[in-house]
Amino acid sequence: MNALADINQKTFSLDFSVEENSSVARFIKKQYPLFDQYPHLVYVDNAATSQKPRSVLDAEQGLYTRACANVHRAIYNLGEAATGLYEESRKTLAHFIGAAPEECVFTRGTTEAINLLAHSFGETLSAGDEIILTEMEHHANLVPWQQLALRRGIKLKFIPITDEGLLNLEALHQLIGKRTRLIAMTMVSNVLGTRNPVETVITLAHEAGIPVLLDAAQAIPAEPLNVRSLDPDFLAFSGHKMYGPFGIGLLYGKRKWLEMIPPFMGGGDMISEVRLEGFTPNEIPYKFEAGTPPVAQAVGIAEAARWLEGLGHEDLGRYESELAQLLINEIKDIPGIRILGSQPGAPQGRRAGIVALTMEGVHAHDLAAYLDRYGITVRAGHHCAHPLAQRLGVVSSARVSFGAYNTLEEVHYIADMLHKARKEL
Amino acid sequence: MNALADINQKTFSLDFSVEENSSVARFIKKQYPLFDQYPHLVYVDNAATSQKPRSVLDAEQGLYTRACANVHRAIYNLGEAATGLYEESRKTLAHFIGAAPEECVFTRGTTEAINLLAHSFGETLSAGDEIILTEMEHHANLVPWQQLALRRGIKLKFIPITDEGLLNLEALHQLIGKRTRLIAMTMVSNVLGTRNPVETVITLAHEAGIPVLLDAAQAIPAEPLNVRSLDPDFLAFSGHKMYGPFGIGLLYGKRKWLEMIPPFMGGGDMISEVRLEGFTPNEIPYKFEAGTPPVAQAVGIAEAARWLEGLGHEDLGRYESELAQLLINEIKDIPGIRILGSQPGAPQGRRAGIVALTMEGVHAHDLAAYLDRYGITVRAGHHCAHPLAQRLGVVSSARVSFGAYNTLEEVHYIADMLHKARKEL
Amino acid sequence: MSDTFDSLYEEIIRDHYKNPQHKRPLDSIPFVQNPSCGDKVRVSISLGPDGKIAETAFDGSGCSISMSSADVLAELLEGKTLAEAKEMVHLFLAVLRGERDVAELDKLGDAMAFKGVARLPVRLKCAALSWRAALEQLEKLTGET
Amino acid sequence: MSDTFDSLYEEIIRDHYKNPQHKRPLDSIPFVQNPSCGDKVRVSISLGPDGKIAETAFDGSGCSISMSSADVLAELLEGKTLAEAKEMVHLFLAVLRGERDVAELDKLGDAMAFKGVARLPVRLKCAALSWRAALEQLEKLTGET
Ligand SMILES: Cc1ncc(COP(=O)(O)O)c(C=O)c1O
Ligand SMILES: Cc1ncc(COP(=O)(O)O)c(C=O)c1O
Numbered sequence: 000m001n002a003l004a005d006i007n008q009k010t011f012s013l014d015f016s017v018e019e020n021s022s023v024a025r026f027i028k029k030q031y032p033l034f035d036q037y038p039h040l041v042y043v044d045n046a047a048t049s050q051k052p053r054s055v056l057d058a059e060q061g062l063y064t065r066a067c068a069n070v071h072r073a074i075y076n077l078g079e080a081a082t083g084l085y086e087e088s089r090k091t092l093a094h095f096i097g098a099a100p101e102e103c104v105f106t107r108g109t110t111e112a113i114n115l116l117a118h119s120f121g122e123t124l125s126a127g128d129e130i131i132l133t134e135m136e137h138h139a140n141l142v143p144w145q146q147l148a149l150r151r152g153i154k155l156k157f158i159p160i161t162d163e164g165l166l167n168l169e170a171l172h173q174l175i176g177k178r179t180r181l182i183a184m185t186m187v188s189n190v191l192g193t194r195n196p197v198e199t200v201i202t203l204a205h206e207a208g209i210p211v212l213l214d215a216a217q218a219i220p221a222e223p224l225n226v227r228s229l230d231p232d233f234l235a236f237s238g239h240k241m242y243g244p245f246g247i248g249l250l251y252g253k254r255k256w257l258e259m260i261p262p263f264m265g266g267g268d269m270i271s272e273v274r275l276e277g278f279t280p281n282e283i284p285y286k287f288e289a290g291t292p293p294v295a296q297a298v299g300i301a302e303a304a305r306w307l308e309g310l311g312h313e314d315l316g317r318y319e320s321e322l323a324q325l326l327i328n329e330i331k332d333i334p335g336i337r338i339l340g341s342q343p344g345a346p347q348g349r350r351a352g353i354v355a356l357t358m359e360g361v362h363a364h365d366l367a368a369y370l371d372r373y374g375i376t377v378r379a380g381h382h383c384a385h386p387l388a389q390r391l392g393v394v395s396s397a398r399v400s401f402g403a404y405n406t407l408e409e410v411h412y413i414a415d416m417l418h419k420a421r422k423e424l
Numbered sequence: 000m001n002a003l004a005d006i007n008q009k010t011f012s013l014d015f016s017v018e019e020n021s022s023v024a025r026f027i028k029k030q031y032p033l034f035d036q037y038p039h040l041v042y043v044d045n046a047a048t049s050q051k052p053r054s055v056l057d058a059e060q061g062l063y064t065r066a067c068a069n070v071h072r073a074i075y076n077l078g079e080a081a082t083g084l085y086e087e088s089r090k091t092l093a094h095f096i097g098a099a100p101e102e103c104v105f106t107r108g109t110t111e112a113i114n115l116l117a118h119s120f121g122e123t124l125s126a127g128d129e130i131i132l133t134e135m136e137h138h139a140n141l142v143p144w145q146q147l148a149l150r151r152g153i154k155l156k157f158i159p160i161t162d163e164g165l166l167n168l169e170a171l172h173q174l175i176g177k178r179t180r181l182i183a184m185t186m187v188s189n190v191l192g193t194r195n196p197v198e199t200v201i202t203l204a205h206e207a208g209i210p211v212l213l214d215a216a217q218a219i220p221a222e223p224l225n226v227r228s229l230d231p232d233f234l235a236f237s238g239h240k241m242y243g244p245f246g247i248g249l250l251y252g253k254r255k256w257l258e259m260i261p262p263f264m265g266g267g268d269m270i271s272e273v274r275l276e277g278f279t280p281n282e283i284p285y286k287f288e289a290g291t292p293p294v295a296q297a298v299g300i301a302e303a304a305r306w307l308e309g310l311g312h313e314d315l316g317r318y319e320s321e322l323a324q325l326l327i328n329e330i331k332d333i334p335g336i337r338i339l340g341s342q343p344g345a346p347q348g349r350r351a352g353i354v355a356l357t358m359e360g361v362h363a364h365d366l367a368a369y370l371d372r373y374g375i376t377v378r379a380g381h382h383c384a385h386p387l388a389q390r391l392g393v394v395s396s397a398r399v400s401f402g403a404y405n406t407l408e409e410v411h412y413i414a415d416m417l418h419k420a421r422k423e424l
Numbered sequence: 000m001s002d003t004f005d006s007l008y009e010e011i012i013r014d015h016y017k018n019p020q021h022k023r024p025l026d027s028i029p030f031v032q033n034p035s036c037g038d039k040v041r042v043s044i045s046l047g048p049d050g051k052i053a054e055t056a057f058d059g060s061g062c063s064i065s066m067s068s069a070d071v072l073a074e075l076l077e078g079k080t081l082a083e084a085k086e087m088v089h090l091f092l093a094v095l096r097g098e099r100d101v102a103e104l105d106k107l108g109d110a111m112a113f114k115g116v117a118r119l120p121v122r123l124k125c126a127a128l129s130w131r132a133a134l135e136q137l138e139k140l141t142g143e144t
Numbered sequence: 000m001s002d003t004f005d006s007l008y009e010e011i012i013r014d015h016y017k018n019p020q021h022k023r024p025l026d027s028i029p030f031v032q033n034p035s036c037g038d039k040v041r042v043s044i045s046l047g048p049d050g051k052i053a054e055t056a057f058d059g060s061g062c063s064i065s066m067s068s069a070d071v072l073a074e075l076l077e078g079k080t081l082a083e084a085k086e087m088v089h090l091f092l093a094v095l096r097g098e099r100d101v102a103e104l105d106k107l108g109d110a111m112a113f114k115g116v117a118r119l120p121v122r123l124k125c126a127a128l129s130w131r132a133a134l135e136q137l138e139k140l141t142g143e144t
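Residue numbers (numbering that gives the first Met the number 0), protein chains in the order written: chain A, 0 to 424; chain B, 0 to 424; chain C, 0 to 144; chain D, 0 to 144.
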């Protein structure tokens, strides 16, 4: 390993060896107060939530200690400052994904963003209309549509996956029909790590005049997204999975859609005028932001976006994929181990830094509890994707998911502990 | 003023003179980092949002720096710690209002809580059913019901208010009918400061078998509430108005209701089982908490509740009412001034620490901007209650609202500046 | 921005507020409203035989910022062609949206007094109100001619 | 809790997991599920002529905590009256909910090995699974007798 890199390098780079990027990660880890507290913790549950760097925590605190007021209606300076910071945060995020600020609606997270659409966009649909999802959706991009289906008689169809955990795009051609009103799909599977060929799906969909919603909860920490070039109609993600705070997320929607669909929740800020008999909605994006918004959290997610941009966002994602690949190589020959999802050299896309696995005869809970003793935090369960687990024939799996602070040494250590677990459990 | 009180007294007390309580407030102000930053700020926009004490900010940060993980499914220690803190916070809040933990649903705030009900409870209603509101509702407790009315053909009726800004309870008897399914009302008006006789309304409603939702957004910082003795069927409030963080609030619902009504948003944690064809909801309260919850903010609101309890919650509310009364006395003779709402000695209930006023010939914006120069933050506008503003015949008013850190000296100062404004504007 | 400037600006704003030159009762034109406070204003623009704006007037109720801004606007538009007027209104609104530099307000007569307001996200809605109303009228006139 | 205790507890849990005495295929009894991981268990309880529990068995799939807990439960219930059994199950669940002190687990034989688990909000759901299943059966039996 290059000792110099340890000192000078503060951003990931594709030009670096994995060892060099790993020393960047070691450097980055120092920016995380939680790791001051637990220096030996090997935190690899980033697909569930990421840790938060000091700058994000400071940004959030800063709002409280320097500009704490309710937004949008306060004439006084403190209120103008709070409103300014809140709207600046929206602009930062808009810039982060290449959108216009008014196309960016703050929500609590991905789940609320998708529920918003299932209600608002959902109200424009009629019985018999169809929505296409995939078999690998997180419950957040499945249950809201099932609820809509019940409410309005909408039909749900599912793009099947191959045994390798890849989308069966051939089948999509069959599924698209005259009544298809939306394709809603995840960009990166939170279980398989598969990066879906959303570009192809969007092209196909748009040829048929169908809008596309991307669940970017797992994609956003791993790659820079530009909604102008990628061209989804809607896109949703959460702050807490991209090194930002809990309680904040974003729904991007193309202006024409946001203007067309009705508001979701009712309350302050989302209206233009209210009488006892009815109300007139405000303009976008406010029409979708009812009630006092999470002001401090907005400032936090904006700082997280800046932080991600500053450390080589795309290169970070590649580095995480590399760690995943290295881990797979080191554990694939453990007897009885099964790595879920696509194997090295699979045709479609790449695998994000996510590795879900099962070990024959060892329950995922027990594996996770075992690894926890060695300071390794892996998630065990169905990862909020029951239908996918069923499709793959596994009840629960253990999942390692990498973030900006994970190092090569940690990969070796996890691999060693998995070998040890095989012997001892 | 008693110099000793300055040093020894850390909780408000009904046995104290207003001067003594004021020195408690001065002591409390030191616990607020924002006032370190702006020592001369006279923050009197507490009805919009309150400032946050250091202990609340520390609690929130502490979650991030010591127990940051996603909740409910992490087997590892860090995850167990996060889950433990989140559920402990629910228990703290449940205890704070005398409820059982499973009757307490975390939401983003009052607005989301009421929207949740308008959808979930709303789904149990049929066209022609009626809901009774009041003429003094905040948009948060009006627009969601208007949306429901549009969706399902529900009829809204309104308890009128008197010119004094009090509820006309006589009229309520006429409004209750066979099709009345809910009474949804605010406990304390955010404009008038009126503390409504909700006890009477609840008794009346329950005699007729009708459930009651209380919007306690303004009540919760001003008085201890016990849902067992008060007996509402639902109750909603926000963290950020009770010295807690943004992005968190609570919906209390009686167990039988929460079990009966369907879930609102769909996603992770709110389900028990999901197939491609449908889902089974989780048990209460989880059935209503879709997606990653605001974990850190839950810890923050719990600390705020403890903080409020620790400083004499009821006595604090009384002190704020006293400040409001003193302010009214000092300004009521300013030419052209009009104090909205009930006047001293009004029969029903008491006035919370809220004073909204208009000054003839001076627009509320200009008055607020003027006061801001002197470091006084008052809100100007319709305070998210258009219909009430119309009923009172005012376009916009300026509102002073007190909190735990406001002192008697500040009241005098505000009064002086209002006198000065009358001369100069 | 120094205090002297601030008070010069204030002087201009106060003057247009207390002694508006272009305020008179109008009708048959819809009000444009600021949802956050209920302020409303409407603007009437009439063209002369030369195709230039002969008269601009406004009507409405609001705070000193929204009312003075309307008076400044009216003063500024008179004598301009529709194209010039639209460009000015677009410039003013773009500055308020933060898309153009506040220094550009120097080109807009007394509107430069709103430089301070442009930094205040809440109050700039007051300042923008009459300009949004004027834009609607200008678009309508452009459609008609 | 000292490490020695922890490993004693672990020993007990491992033993019941690796060598369950009461696990056998059952049917016609509904599974109780843990939504967060898909683990499921069902419990069968049969009464003897003396009205006491003659046999308890379980069936299901899950982690070492949920499976060992089921075996401990089965061992504990045999020979008890319905009332005694219900009291024990209620006690165990109350400890897990934090409503009673963990020390009370000492009254429940090998179930005391779950003292450590009682502090873990996520895993206690695994431990509770079979006891919830047993409670359903006990209620049913009480209804029948
Ligand atoms: C009486 C009342 N209800 C509801 C609300 C809405 O609360 P929030 O914006 O926190 O959702 C407020 C505060 O603005 C209020 O004063
Ligand atoms: C792919 C995917 N979609 C949606 C979600 C839901 O995100 P949140 O819980 O932040 O709303 C997650 C994370 O759990 C996810 O991985």
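Hints are computed from structural coordinates only; laboratory data are not their basis.
Among the clues, some could well be false.
What the simulated footprint calls covered on chain B by chain C, stretch by stretch (three residues with Cβ under 8 Å from a Cβ of chain C suffice, anywhere in the stretch; the number is not a length) [unchecked claim]:
id : region
1  : 362-372
2  : 377-391
Capping the alpha-carbon separation at 27 Å, the derived lysine-lysine pairs in DSS-like fashion look like this [stated by the list, open to error]:
id : chain 1 : residue 1 : chain 2 : residue 2
3  : A       : K177      : A       : K156
4  : C       : K106      : B       : K422
5  : B       : K419      : C       : K139
6  : D       : K114      : B       : K255
7  : D       : K106      : B       : K255
8  : D       : K17       : A       : K419
9  : D       : K22       : D       : K85
10 : C       : K39       : C       : K17
11 : C       : K17       : C       : K139
12 : C       : K139      : A       : K90
13 : D       : K39       : D       : K22
14 : B       : K177      : B       : K90
15 : C       : K17       : B       : K422
16 : B       : K90       : D       : K114
17 : C       : K79       : C       : K39
18 : A       : K422      : D       : K79
19 : D       : K106      : D       : K85
20 : A       : K422      : D       : K17
21 : C       : K139      : A       : K255
22 : C       : K85       : A       : K255
23 : D       : K39       : D       : K139
24 : B       : K419      : B       : K331
Note that the Cβ used here is the ideal one computed from N, Cα and C, for glycine as well.
**OP:** Determine which of the earlier numbered hints do not hold for this structure and return their numbers in increasing order.
**Re:** 4, 5, 6, 7, 11, 12, 14 and 18
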